[in-house]
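> In the order they appear, the protein sequences are chains Z and R. Just so you know, we're using this note's numbering here: the first sequence kicks off at 1 and counts up by one. Just so you know, we're using this note's numbering here: the second sequence kicks off at 1 and counts up by one.
All clues given are correct.
Chain Z stretches covered by chain R per the calculated footprint, using a threshold of three residues with CB under 8 Å from any CB of chain R: (1) 34-48; (2) 95-104.
Okay, the calculated beta carbon distance ranges per label pair: (3) Z/V268 with R/P205: 40 to 50 Å; (4) Z/V268 with R/E159: 35 to 45 Å; (5) R/A404 with Z/D297: 38 to 48 Å; (6) R/A14 with Z/V268: 49 to 59 Å; (7) Z/R21 with R/P205: 45 to 55 Å; (8) Z/A333 with R/A259: 25 to 35 Å; (9) Z/L5 with R/D69: 31 to 41 Å.
Bear in mind the hints are in silico, worked out from the structure with no lab data behind them. Beta carbons are placed, not taken as given, at the ideal position from N, Cα and C, and that holds for glycine.
2 protein chains.
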Amino acid sequence: MSPTLAEVRAWDAADPFAAMRERFDLPAGVIYLDGNSLGAAPRAVHQRLRDVLATEWAEGLVRSWNRHDWIGAPARVGAKIGRLIGAQPGEVIVADSTSVDLFKLIVAGLQRQAPRQVILTEAGDFPTDGYVAQGVQSLLPGVIVRAVPPDQLAAAIDESVALLMLTEVNYRTGARHDMAALTAQAHAAGALTLWDLSHSAGAVPVDLTRAGADLAVGCGYKYLNGGPGAPAWLYVARRLQDALVSPLTGWMGHAEPFAFDGDYRPTVGIERFLCGTPPMLSLLALECGVDLMAEVDLPALAGKGQRLCSLFIDCVEAGGAGLALVTPRDPAARGSQVSFAHPEAWAIMQAMIDRGVIGDFRAPDVLRCGFTPLYLRYEDAWRAAETLLDILETGAWREPRFQARSRVT
Amino acid sequence: MSPTLAEVRAWDAADPFAAMRERFDLPAGVIYLDGNSLGAAPRAVHQRLRDVLATEWAEGLVRSWNRHDWIGAPARVGAKIGRLIGAQPGEVIVADSTSVDLFKLIVAGLQRQAPRQVILTEAGDFPTDGYVAQGVQSLLPGVIVRAVPPDQLAAAIDESVALLMLTEVNYRTGARHDMAALTAQAHAAGALTLWDLSHSAGAVPVDLTRAGADLAVGCGYKYLNGGPGAPAWLYVARRLQDALVSPLTGWMGHAEPFAFDGDYRPTVGIERFLCGTPPMLSLLALECGVDLMAEVDLPALAGKGQRLCSLFIDCVEAGGAGLALVTPRDPAARGSQVSFAHPEAWAIMQAMIDRGVIGDFRAPDVLRCGFTPLYLRYEDAWRAAETLLDILETGAWREPRFQARSRVT
Numbered sequence: 001m002s003p004t005l006a007e008v009r010a011w012d013a014a015d016p017f018a019a020m021r022e023r024f025d026l027p028a029g030v031i032y033l034d035g036n037s038l039g040a041a042p043r044a045v046h047q048r049l050r051d052v053l054a055t056e057w058a059e060g061l062v063r064s065w066n067r068h069d070w071i072g073a074p075a076r077v078g079a080k081i082g083r084l085i086g087a088q089p090g091e092v093i094v095a096d097s098t099s100v101d102l103f104k105l106i107v108a109g110l111q112r113q114a115p116r117q118v119i120l121t122e123a124g125d126f127p128t129d130g131y132v133a134q135g136v137q138s139l140l141p142g143v144i145v146r147a148v149p150p151d152q153l154a155a156a157i158d159e160s161v162a163l164l165m166l167t168e169v170n171y172r173t174g175a176r177h178d179m180a181a182l183t184a185q186a187h188a189a190g191a192l193t194l195w196d197l198s199h200s201a202g203a204v205p206v207d208l209t210r211a212g213a214d215l216a217v218g219c220g221y222k223y224l225n226g227g228p229g230a231p232a233w234l235y236v237a238r239r240l241q242d243a244l245v246s247p248l249t250g251w252m253g254h255a256e257p258f259a260f261d262g263d264y265r266p267t268v269g270i271e272r273f274l275c276g277t278p279p280m281l282s283l284l285a286l287e288c289g290v291d292l293m294a295e296v297d298l299p300a301l302a303g304k305g306q307r308l309c310s311l312f313i314d315c316v317e318a319g320g321a322g323l324a325l326v327t328p329r330d331p332a333a334r335g336s337q338v339s340f341a342h343p344e345a346w347a348i349m350q351a352m353i354d355r356g357v358i359g360d361f362r363a364p365d366v367l368r369c370g371f372t373p374l375y376l377r378y379e380d381a382w383r384a385a386e387t388l389l390d391i392l393e394t395g396a397w398r399e400p401r402f403q404a405r406s407r408v409t
Numbered sequence: 001m002s003p004t005l006a007e008v009r010a011w012d013a014a015d016p017f018a019a020m021r022e023r024f025d026l027p028a029g030v031i032y033l034d035g036n037s038l039g040a041a042p043r044a045v046h047q048r049l050r051d052v053l054a055t056e057w058a059e060g061l062v063r064s065w066n067r068h069d070w071i072g073a074p075a076r077v078g079a080k081i082g083r084l085i086g087a088q089p090g091e092v093i094v095a096d097s098t099s100v101d102l103f104k105l106i107v108a109g110l111q112r113q114a115p116r117q118v119i120l121t122e123a124g125d126f127p128t129d130g131y132v133a134q135g136v137q138s139l140l141p142g143v144i145v146r147a148v149p150p151d152q153l154a155a156a157i158d159e160s161v162a163l164l165m166l167t168e169v170n171y172r173t174g175a176r177h178d179m180a181a182l183t184a185q186a187h188a189a190g191a192l193t194l195w196d197l198s199h200s201a202g203a204v205p206v207d208l209t210r211a212g213a214d215l216a217v218g219c220g221y222k223y224l225n226g227g228p229g230a231p232a233w234l235y236v237a238r239r240l241q242d243a244l245v246s247p248l249t250g251w252m253g254h255a256e257p258f259a260f261d262g263d264y265r266p267t268v269g270i271e272r273f274l275c276g277t278p279p280m281l282s283l284l285a286l287e288c289g290v291d292l293m294a295e296v297d298l299p300a301l302a303g304k305g306q307r308l309c310s311l312f313i314d315c316v317e318a319g320g321a322g323l324a325l326v327t328p329r330d331p332a333a334r335g336s337q338v339s340f341a342h343p344e345a346w347a348i349m350q351a352m353i354d355r356g357v358i359g360d361f362r363a364p365d366v367l368r369c370g371f372t373p374l375y376l377r378y379e380d381a382w383r384a385a386e387t388l389l390d391i392l393e394t395g396a397w398r399e400p401r402f403q404a405r406s407r408v409t
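Between the sequences and the hints, there should be enough to build the whole structure, so can you do that?
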């Protein structure tokens, strides 16, 4: 039994996060269910970037590395992200892309774990994670990438495993691992854990310290609303920092970058995982998104996300559309997204987008709808379900214009 | 004999690039001789970034990957940079940082050159280049980094060398290598060349095709005026592209990034050197700087750069200040910068900055002045020399406030 529009409007009226929606610059007539691909723009980013361009770059020029603390920005924004995911001060830094950060931590983790050489991961995780691990395997003789289905993971954690590398929330299914339990099991077998939190940070409660996590990476442009291609971030538990050296030994990770020493000497602390000069405009835009997230009660926010997901599932299933739910029904076992499978998922999603409901298609057959609790209303979830049901009932997705594939999905 | 102020003003009046200065947003009262650390802001960047934030990110959201061709931006901007350095279409792409791009090309180049394992480079090149090579040496057993003084380079190119890795224009001294001659010598010995063009692109005439160069990287935030930490770019000669695979196998380098295949399969062409999602705000700001550079006659522009450098040298030396010129006197043998050595270079540069002449200090004893011909006037070079001479004559640099060191220099 799904609620009426009047009922969900009452939920919105009582929503403690309702005012947050006004802090985002959202297009009119759009229900945006793709914040897990690219988060919406915080209103504050317009003025912040105007200042960065006019005051920091144009007026301050090279002096802004000191005057506006550009040099401290990767650690400053990293520390703010750290507070969102239960890291301790000095355990998170913003740097490079998720893929590059994965490479750093996989290689550094393997070196720490020698002679173990197995990277255990989940078949069907976000491809770049597997690709980076395969790249390491091609580069370093002896390294083995073992990808198993999620239900075989626990059984595959044995004393050959150097690194257990997992995406906490699966990008396609939305299924969420039990980070604390898997970390404990990995540690019992002598393995380190490397968590990809791209679909977790800002969406579900994460507590790296309590989980005893070793290493993690995450994306800046999804639930953190950092802007297109926002820099990524990485986490290294303090107890491991001295023992791990990044294979990407750029000058920003040096103990004294401006001494211009001839020999590489990694600095102490999380800054040793920096490499080259960070893309400052993108990094300072990311800070706007992170600052918004810092204002809210994260467990409560994640609770709203789960209610949005459940509402959408209930409404779609009450409509009797015959879609197969891919995402776990249990809120504790999923991220802030709902995926349904349908053989014509591509065309159906194009028809939804045409009506202003922007979700995502994920190959081969998944309709993926992300629910960002910071700026979505219960009414949005209700209307999105109504739109999907209408498209299925009327067969509107059969129009030829919804069949053509674009380069990016 | 150095010219008078009236004479250099006449040169400015006749300068065909004079109007270009108005295309930059420069602070009042500043003579900016640090465009080789961070280039000035093109005026166009303010409006461009406003549009990117409002129209592309906030309004377009995830649709902008197609609608505004974000997905094509790394290759599009790369092609524009390629035209500035004599590359052929499809040989340059914007990606990551200079350090990360060096890592990709060093590792890919070494694999192509097996069983050779020697990276020959110059002692005293920009530290990050050497650091990255040292990181590769630590990672891959057998790799040897051989760093020799510049005058011993030619003699050190032998049949053990896999890769000759050089910064064409030295960041500290401004000395410029003969790219064509060294490339020919490297090829005769069976070595590949990897050029760091961070201090060359946009400053001196570069013709990678005519030089027969194999691989190159460069910075976006110096003479290309791409903004703080602008993404870097890399060049791979087309004849080598199929044979080289990046060790950083992120999804953007995959043949079909949105097929979400489990196995990494590099795409054909320069896009295979992409890794993760590019920082779009920083990348589109870079495009503004590159577009400005595309409007000018580069050899003529570089000629103006050399006249600025010569004027500065002449004025300083005519003042009898006793500074030691570090940069080659021959314009063909140097980049668009002038370095003088002085034991108190740090304090002298702080005193110059205090008077609005912003140059750079480079450890241990170098006053570095970059001359960006796009936005500098002959009068600027003349006045900069006058300021330097006055500081030396009066001993103004002895004030205690000019002694304190900051984090970034």
